[in-house]
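Peer 1: Chains D and L supply the protein sequences, listed in that same order. Under our numbering, the first residue of the first sequence is numbered 39, with each subsequent residue one higher. Under our numbering, the first residue of the second sequence is numbered 77, with each subsequent residue one higher.
FYI, nobody ran anything at the bench for these hints, they're computed from the structure. A virtual CB, placed ideally from N, CA and C, is assigned to each residue, including glycine. Be careful, since some hints might not be right.
[What the hints assert, rightly or not] From the derived model, a few chain L residues whose C-beta atoms are all more than 12 Å from chain D:
no. : residue
1   : K103
2   : R201
3   : Q227
4   : A238
5   : K266
6   : L340
7   : E349
8   : E380
9   : R387
10  : D450
11  : E455
12  : I461
13  : L497
[As the list claims (entries may be wrong)] With a Cα cut of at most 30 Å, we get these calculated DSS-like pairs of lysine-lysine:
no. : chain 1 : residue 1 : chain 2 : residue 2
14  : L       : K200      : D       : K163
15  : L       : K205      : D       : K163
16  : D       : K169      : L       : K290
17  : L       : K205      : D       : K169
18  : D       : K169      : L       : K200
19  : D       : K146      : L       : K200
[Unchecked claim] Pulled from the structure, derived: some chain L residues nowhere near chain D, Cβ distances all over 12 Å:
no. : residue
20  : L223
21  : D259
22  : T260
23  : E435
24  : Q448
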Amino acid sequence: MSHDPKTRILLVDDDEIIRIYFHDVFWIYGFERTCDLAVAQNLDDAEKAVADPASRPDVVFLDLAIPKKVEDRTIIDPENSFAFLERIKRDPATKDIKVLIFSGHSEKEFQEEAEAKGADGYIHKEQTMPKDLVEIINNVVGKAVHP
Amino acid sequence: MSEPIIRLENVNFWYERGKPNEYHALKDVSCDIYPGEYAAFFGSSGSGKTTLLYLISGIEPGQDGRIVINGRDISTFTRQELAIYRQIGVGMIFQQFNLIPSLTVVQNVILPMSFLGVSEDRSKREAMKLLERVNIAHLADRYPDELSGGQQQRVGIVRALANNPPIIIADEPLGNLDSSNADTVLQFLKELNEKDGRTIIMVTHEAWSLRDAKKIFYMKDGVVTKEDGVGEQAVQQALSKTMYGRLSPGMSEHQLAAHSFSNLFLRGYAAPELKRFEFFLAQRLDGKIDADVFRNVLDRPWREGGLGLWRQKAAKVSSIIEDVIAERRTVGDIYHQLETDREAPLKDDIEKLRRWLLEDYHGVLNSLQVMQLDEVLNERIRGVITPEHVSEILSLPRSRAGLGFATPTAHRICERLEFILKEGHPQLSSFAPTAPSHR
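Go ahead and model the full structure; you've got the sequences and the hints to work with.
Peer 2: What follows is the structure in structure tokens.
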């Protein structure tokens, strides 16, 4: 009998508090039994995780305002995250990865751009209580076990 | 069976560790609590139960042993990890409510949500839903000092639920509540356990508050001495006769009765007062002092070696004890009566007394003046200060740490206070005139 593999989730966020918060939600609500959570604090690490079939996630939670080093400057531009989203959705090897934008920005143009580029959902951080996050993870995983 | 949600493995904890006044508060404590359980740590003050709660909730960092929550040892967590665990993993309910006085009810509830970056409008919607659940949504814009003790504790519970934690930890949550409010809180904890499936952990020294717990850990001197699963049986029935015997196997029957009565008669009093009461009660039950001496001890001011109970309470307590001695009633009868018709905690008595004393006062006291007045009443009831002191403090200007009442007002309040302490008042149950019958 084959064993159902764990769902692989990647959180891409430069904010350490958000990364700990995610980890804690996975732990407290028992998602660790059904999911493997990896975190990346920048887009370069996220690209590597997606590119490698051994670490490729099933679901990505993607922040929009992630600082990126360009030469000597640090630039925070949502377009970097959108470009990453586009690359995932264009590549036949990665296009089935669910990408959920997880952002502090609720502007309509960002939501429209995310949708146009193939995002599977848009979550506004400020409107998301821990119980909402649990429900969202439950929906994408579909088999989490509550404590 | 599922894995425990909380597992303690050989937990030790010291206060002032390595110093001359080092105190070993927890000694090799191990226990398991499973998801959805309603567990209680039961023991007298100083037994280590609150320290244990603080370790489980991450308020106090671990020192020795493992504190495993849902499979992870939180004693290895960083401060940030612990801070977030405290926001989403556990909700704390405190005896003193711990509300922030400068914030309104709804702002107090929103606070844990803002820590996680949730917007004010979303937090407020969520907070109002929770306040509605405990029927206090209409008090959302009030400040804590405008609420009764029972209402404040409901706010405390709602705040603990703000981020929907699966574990609720209650530290002596009923100690400052009257009988009816204590029942409401117990009922709500039961609902959170049975309907919401949350794991409830309560620490208490009051046996009657264990009525809905399904598992009890008995604690004494930093050690879990026994663990009981009580199933459907009412806990107080299981405990009434044996609980203190289990905790204190060397005590005589009279000492046990004195120990259990002291917690029921003197709710909200401090440990030294409980100990003194227990000592004299055991002396009386053993026949070493007579009824008059016992009654005088209860009534006499604390600094003169007495308990400083006001006259009506002293008379009531001594009358009940004389019934036991004359074998008109058994220890079990009295225990059962006090469990079902509990003494109001001291804080409540003082609040009622203050409201009555200020009935015809048309000025407005700020929260600091209310606290000062309560302190004065507390000290007068116990005989720590004289009527003259009371009058002086009431009329001293606020710049000199007084209450700032006009002299005639201060005299009137003082007269009313002395009257009620001597004669009682039929509308204030705790200060009812001394009567031969019991409550």
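Peer 1: Does each hint fit the structure? Answer for all of them.
Peer 2: Verification of the supplied hints:
1. K103: Holds: least Cβ distance 29 Å, greater than 12 Å.
2. R201: 10 Å, violated
3. Q227: 25 Å, holds
4. A238: 9 Å, violated
5. K266: Nearest chain D Cβ is 19 Å from K266 (chain L), so the label holds.
6. L340: Non-interface label on L340 (chain L) holds, nearest chain D Cβ at 36 Å vs cutoff 12 Å.
7. E349: 41 Å, holds
8. E380: 54 Å, holds
9. R387: 53 Å, holds
10. D450: 38 Å, holds
11. E455: About 45 Å separates E455 (chain L) from the closest Cβ of chain D, which puts it past 12 Å; holds.
12. I461: Holds, because the least Cβ-Cβ distance between I461 (chain L) and chain D comes to about 50 Å, which exceeds 12 Å.
13. L497: 51 Å, holds
14. L:K200 / D:K163: Within the cut-off at roughly 16 Å; holds.
15. L:K205 / D:K163: Holds, at about 20 Å.
16. D:K169 / L:K290: 27 Å, holds
17. L:K205 / D:K169: Holds - the C-alpha atoms of K169 (chain D) and K205 (chain L) are around 14 Å apart, at most 30 Å.
18. D:K169 / L:K200: 15 Å, holds
19. D:K146 / L:K200: 23 Å, holds
20. L223: Correct as stated: the minimum Cβ-Cβ distance to chain D is 25 Å, above 12 Å.
21. D259: 29 Å, holds
22. T260: Check passes; 25 Å lies beyond 12 Å.
23. E435: Given a closest Cβ separation of 45 Å, the condition holds.
24. Q448: 40 Å, holds
Taken one by one, the earlier hints fail for this structure at numbers 2, 4, listed in ascending order.
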